[in-house]
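Chemist: This is what each chain is made of:
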Amino acid sequence: MFAYVVRRILSTIPLLLVGTFIVFTLTAISGDPLSRLATADVGEEAYERIIELYGLDQPIPIRYVNWMSSAIQGDMGPAPSQGSQPTFNIVMDRAGNTARLAIPAFFFIAITAITLGVYSAVKQYSKLDYFVTGFSFLGISLPTFVFGLLLQVIFGLWFFDWFGVRPFYVLGMRTVASHGWLDMVRSHVLPIVTLWLVITASESRFQRAAMLEVINSDYIRTARAKGLPRRKVILKHGLRNALIPLVTIWAIDLGLLLGGSVVTETIFAWPGLGRLLLDGIFQQDLNLTMGVIMVVSLLVVAFNLLADLLYGVLDPRIRYE
Amino acid sequence: MSSPLLSVRDLSVAFHTDDGVVNAVNDISFEVHPGETLAVVGESGSGKSVSAMALMRLLPSSARIQGTIEFDGRDLLGLSPRDMRRLQGNEIAMIFQDPMTALNPVFTVGNQLVEAIRIHNPKVSKRAARERAASMLALVGIPDADERLDNYPHEFSGGMRQRAMIAMGISNEPKLLIADEPTTALDVTIQAQVIEVIKRAQEATGAAMILITHDLGLVAGVAERVQVMYGGRLFETGPTETIYYRSRNPYTRGLISSIPSATARTERRLAPIPGAPPSAINPPKGCVFRPRCQHATDECFTEPGLRRLDEAALHQSRCHYAEQLGEMDTAASGSRT
Ligand SMILES: Nc1ncnc2c1ncn2[C@@H]1O[C@H](COP(=O)(O)OP(=O)(O)OP(=O)(O)O)[C@@H](O)[C@H]1O
Ligand SMILES: [Mg+2]
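Taken in sequence, the protein lines are chains A and B. Note that the numbering used here has the first sequence beginning at 1, numbered continuously upward. Note that the numbering used here has the second sequence beginning at 1, numbered continuously upward.
Bound conformation, chain A alone (with noise of 0.2 angstroms):
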């Protein structure tokens, strides 16, 4: 088991290496960092000084290597882009943001994609699973900005036009800290609620397949014989096994999640990572974009491998070696 992690660590280095020099190089040659400084008059010297901090006139591999050597050791860099700050600490800040969101949306997620895939498979054909089956349609083929803008619309606009209020924020992110307990509640409801009924439509798709298929199985049919109540046969031989499948979804959505969701975050305003990565792009600012690109893949990946372990525990038939 402790072998296998370690293999399986080190077999990811290659392709975050392989990745990361991808993203480095399109990411250097997409456009002239520079280019905004030719409308300002910054003068010959200057611009010679930046050319020479940021080493970009060195070939596109040598930069790559500088820049990673560097990385590994916590150091990315000055963002450009955010008046010099050190990329590190702005990466850290806004994966703290996002995490305010897609701890809470997983957590939501799983219970009710759950739920409902349980349900909607269990009374397949039934008013229920039809109504669950147009839900996931739905939330599969709209964009996600439909969402989150009709949710602005409903709780911005329309709530107050009715009752005179705004129960939530619909643009902006409030701390504890900065407004109190109540804002901030206010502030995270509506993002978290999008984030939620996108994922959830998908989820609770692959939770209805995953169930219906136990369900069929013959193991199940041996609990109802023993005399087991429904409820057990269901819960324990049913779920249990039609999570197997489900944790590898899981863990690979709550790595993307913790990634930052780039339509959620610029709809609501939110200073997450995924605002930070468009912004980076936009801004051709080479070491925040390449930031949150080695933020981002280190956890999906991290993710990935929990997902093959959590696989081995749910599942005996699986030994690593």
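Hints were generated in silico from the structure; no laboratory data involved. It cannot be assumed that every hint is accurate.
Keeping only pairs whose Cα atoms sit at most 25 angstroms apart, straight-line, the calculated BS3-like set for lysine-lysine is [stated by the list, open to error]:
no., chain 1, residue 1, chain 2, residue 2
1, A, K123, A, K232
2, B, K123, A, K232
3, B, K126, A, K232
4, A, K123, A, K236
5, A, K232, A, K127
6, B, K123, A, K236
7, B, K199, A, K236
We have chain A already, so just place chain B with the ligands on it with the hints.
Modeler: Quick look at chain B with the ligands alone, frame taken from chain A:
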């Protein structure tokens, strides 16, 4: 004769599917007496499993069940689900065809055995239930039973899994054990052993048994009575001896002559019945076996009833010519001794 433990009257099961109504079981009636073994024999699709699942009330809700099933003085089809659960796995237990998939892969064999015991005996401690589970495993011939309880099903071979299923089936000393093709999925070399184990388990608990199989050869020496099914209908029923040597039904005779036999002259070819079993949606008109029957005449376009062939109605056959069929081909009847 003692009063029957199980009495099935005019049982019919139909499934409403997109392709039409599947009449899987049609008007079958039979009895099982305490402690006796009844073999149910027939080709694939003849309705053996469906009728067994109807007894266990394990059919999907798409099944339309008619008739009455009386078990130990209770009307099974009329029981509430809760009362039925008290019987399932307790007074009536079932062993399924495929032991590879019948056990839950994520729980240990011991967990699943203990669960079966404790669901019907909540007062039994975990410890005592485990001890009983171990003695059950030992009874069905699994060595080191106590340690084996902590194994997962995938650590058992197919034969051992079926033994574990048998142990589970008898763990609450059922009055009726239904074994649905318990050896079909197993290696030929261990089939006889597993049948042996089932017999031993049955003797240990005194349970009556319905042994479902498509292999008439397996039945000799195990069952007192045989019931032959075809196309969801009862085709012939009688004491095992009678069925083997004095069958009065062309379909049964076909089944008997397709039994491979070590004692038969080697040049005698195995004679499988030509043709395929009837469709359960569009059965042939008249006798359902008519299209495959070498004795068929115009009269067979009307469906024959079950005809009694002796005073006590122990031997019955569904054939217009039951009384007229000649003595059985000696090559066929002589092959089983
Ligand atoms: N859930 C169901 N829905 C529709 N038809 C079904 C269902 N279950 C069984 N049947 C049909 O009922 C008929 C009898 O099936 P059954 O499983 O009882 O056969 P069997 O005699 O046990 O055969 P085998 O030897 O293959 O196990 C078949 O035609 C089958 O297709
Ligand atoms: Mg069957």
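Chemist: Each hint needs a verdict: does it hold in this structure or not?
Modeler: Structure-based check of each hint:
1. A:K123 <-> A:K232: Since the Cα atoms of K123 of chain A and K232 of chain A sit roughly 16 angstroms apart, the hinted pair holds (cutoff 25 angstroms).
2. B:K123 <-> A:K232: Holds, because 18 angstroms separates the two Cα atoms, which is no more than 25 angstroms.
3. B:K126 <-> A:K232: holds, 18 angstroms
4. A:K123 <-> A:K236: Between K123 of chain A and K236 of chain A the Cα gap is close to 17 angstroms, so the pair holds against 25 angstroms.
5. A:K232 <-> A:K127: Roughly 23 angstroms between the alpha carbons, so the hint for K232 of chain A and K127 of chain A holds.
6. B:K123 <-> A:K236: Satisfied, since the Cα-Cα distance of roughly 21 angstroms is no more than 25 angstroms.
7. B:K199 <-> A:K236: Violated, at about 32 angstroms.
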